[in-house]
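Please model the entire structure based on the sequences and the hints provided.
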Amino acid sequence: MMSRPEFTPNEMMTIAASRALKNDDVCFVGIGAPSAACNIARLMHAPDITLIYESGTIGTAPDVLPLSIGDGELCDTALTTVPVPEMFRYWLQGGRITIGFLGAAQIDKYGNINTTVIGDYDCPKTRLPGGGGAPEIATSSQEVYITLAQSKRGMVEKIDFYTSFGHGDGGDHRQKLGIDTKGPTLLITDLAIWKPDPVTKEFTVVSLHPGVTRDQVQETCGWSVKFADGVEETPPPTDLELATLRDLKARTEAAHKGA
Amino acid sequence: MARFVPLSQAVAENLGNGDSVAFEGFTHLIPTAAAHESIRQGFRDLTLIRMTPDVVYDQMIGMGLARKLVFSYAGNPGVGLLRRLRDAVENGFPHKLEIEEHSHAAMANAYEAGAAGLPCAVFRGYRGAELARVNPNIKFIECPFTGESLAAVPALRPDVVFIHAQKADRKGNVLVEGIVGIQKEAVLAAKRAVVSVEEVVDDFSDLHPNLTILPHWTVADIAVVPGGAHPSYTHAITRVTTPNI
Numbered sequence: 000m001m002s003r004p005e006f007t008p009n010e011m012m013t014i015a016a017s018r019a020l021k022n023d024d025v026c027f028v029g030i031g032a033p034s035a036a037c038n039i040a041r042l043m044h045a046p047d048i049t050l051i052y053e054s055g056t057i058g059t060a061p062d063v064l065p066l067s068i069g070d071g072e073l074c075d076t077a078l079t080t081v082p083v084p085e086m087f088r089y090w091l092q093g094g095r096i097t098i099g100f101l102g103a104a105q106i107d108k109y110g111n112i113n114t115t116v117i118g119d120y121d122c123p124k125t126r127l128p129g130g131g132g133a134p135e136i137a138t139s140s141q142e143v144y145i146t147l148a149q150s151k152r153g154m155v156e157k158i159d160f161y162t163s164f165g166h167g168d169g170g171d172h173r174q175k176l177g178i179d180t181k182g183p184t185l186l187i188t189d190l191a192i193w194k195p196d197p198v199t200k201e202f203t204v205v206s207l208h209p210g211v212t213r214d215q216v217q218e219t220c221g222w223s224v225k226f227a228d229g230v231e232e233t234p235p236p237t238d239l240e241l242a243t244l245r246d247l248k249a250r251t252e253a254a255h256k257g258a
Numbered sequence: 000m001a002r003f004v005p006l007s008q009a010v011a012e013n014l015g016n017g018d019s020v021a022f023e024g025f026t027h028l029i030p031t032a033a034a035h036e037s038i039r040q041g042f043r044d045l046t047l048i049r050m051t052p053d054v055v056y057d058q059m060i061g062m063g064l065a066r067k068l069v070f071s072y073a074g075n076p077g078v079g080l081l082r083r084l085r086d087a088v089e090n091g092f093p094h095k096l097e098i099e100e101h102s103h104a105a106m107a108n109a110y111e112a113g114a115a116g117l118p119c120a121v122f123r124g125y126r127g128a129e130l131a132r133v134n135p136n137i138k139f140i141e142c143p144f145t146g147e148s149l150a151a152v153p154a155l156r157p158d159v160v161f162i163h164a165q166k167a168d169r170k171g172n173v174l175v176e177g178i179v180g181i182q183k184e185a186v187l188a189a190k191r192a193v194v195s196v197e198e199v200v201d202d203f204s205d206l207h208p209n210l211t212i213l214p215h216w217t218v219a220d221i222a223v224v225p226g227g228a229h230p231s232y233t234h235a236i237t238r239v240t241t242p243n244i
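Line order of the protein sequences matches chains A and E.
Residue numbers for the first sequence follow numbering that gives the first Met the number 0, beginning at 0 and rising by one.
Residue numbers for the second sequence follow numbering that gives the first Met the number 0, beginning at 0 and rising by one.
These aren't lab readings, by the way, just hints derived from the structure by calculation.
Nothing false has been slipped in among the hints.
Derived DSS-like pairs: lysine-lysine, alpha-carbon spacing no greater than 25 angstroms straight-line: (1) A/K225 with A/K151; (2) E/K138 with A/K175; (3) A/K157 with A/K175; (4) A/K194 with A/K21; (5) A/K151 with A/K124; (6) A/K21 with A/K181; (7) A/K181 with A/K225; (8) A/K124 with E/K95; (9) E/K67 with A/K124.
Since the model is a prediction, treat every value here as computed from it, not as a measurement.
Shown next as structure tokens:
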């Protein structure tokens with residue numbers, strides 16, 4: 000008998016994000032939630048996906064999720080490992096990345112990302128890590144996917160600092176700045192899947208995860224949420240997807256505990 | 000010609016108060032032992048440079064060694080925020096810290112420009128990014144051939160660069176393998192370079208010809224410090240032990 004498997008919102012987020020990746024994608028992977036999603040894609044439907052971490056590892060296939068972008072596991076399982084300047088110049092700036100996959104501390108409705116400061120730059124309330132590779136990943140990747148768990152602190156009407164440019168003020172703001180890549184085309188949260196409106200570029204809910212209501216999405220988002228006509232329901236995780244994700248997490252925990 | 004000296008001597012004779020210095024390592028091969036030695040020797044007014052300042056830079060900032068920090072990602076990768084850096088930026092403790100903040104692409108290009116003897120690096124970057132508003136060292140120039148607007152940042156030319164590597168041979172040639180990061184560019188951009196190594200071997204005649212090797216005449220001093228990257232790791236020799244941080 001097939002029963003509907005129980006799953007957490009976070010598991011749904013990771014699995015929904017993994018499904019967006021294709022077998023022929025070349026994906027520049029951010030650490031944290033993007034890293035889990037990219038590796039589930041590789042273990043499920045996209046075995047030949049090229050995963051690239053900014054430490055220079057190209058075509059990596061880690062058995063466990065890395066703690067950071069520079070874990071030895073990434074290098075051991077990579078096709079090749081290149082110096083950091085080459086990573087950013089030839090591979091990212093050279094236009095070879097199809098998907099830049101980013102997380103975010105703070106995001107606005109146009110997919111602009113802040114990972115720099117909360118408050119004023121010169122006298123910040125909270126100093127965050129900063130941009131790292133993200134400012135150029137956001138503009139040099141052919142497309143950008145973003146994933147984060149919803150909260151009013153994280154999804155805000157106005158971000159405090161434009162670390163990485165999304166669609167700016169919306170519309171054709173990217174083109175006006177001479178940026179010829181698509182920018183954020185997909186936002187996957189723990190509650191929903193969002194896509195930019197074709198004209199305004201405002202992120203719009205196109206699919207709700209199973210059991211999630213529109214009110215829940217609005218209650219955990221700092222801007223007034225727009226819903227597409229005909230919002231769909233995200234297919235729930237399959238037994239195999241859940242088992243793959245849980246095995247990966249268990250392997251990861253065991254490996255890092257022993258480190 | 001590289002000299003083989005104890006780490007304390009290498010630090011004392013290459014680093015000075017007021018110097019710009021990078022202890023580079025991209026998560027892998029972080030020259031922690033050299034950085035700790037600089038804390039022990041009590042330097043002041045340093046301009047600390049590093050793409051990914053982590054716990055050892057946090058300690059140097061907390062101990063008051065730094066006047067300025069040039070960086071592109073101030074997180075302890077995979078482990079969290081830097082508390083002492085945050086305290087310096089948010090509260091001016093132990094004293095005010097000047098910061099010059101970049102993206103990874105900018106710093107990687109800036110080291111490469113330094114190694115290449117150029118005054119600045121030119122790249123397609125910082126488009127729509129607000130760092131360009133708050134960092135006066137980020138400018139835009141027009142490509143003389145296509146008219147495209149490109150970012151420019153000054154080359155990095157540290158007074159001293161410290162790195163950690165797997166091996167040196169008896170002449171002082173240096174092998175770096177695994178995630179090679181930005182270390183070769185940083186060494187070639189620096190006025191003086193110091194390398195700590197796990198071990199010294201007779202020669203490198205059995206190595207693949209393309210393995211990353213810094214010729215001995217690009218390095219000032221070499222110190223043998225097994226485990227010198229701890230709690231970071233040395234590929235094929237020591238494992239990461241981040242939970243101890």
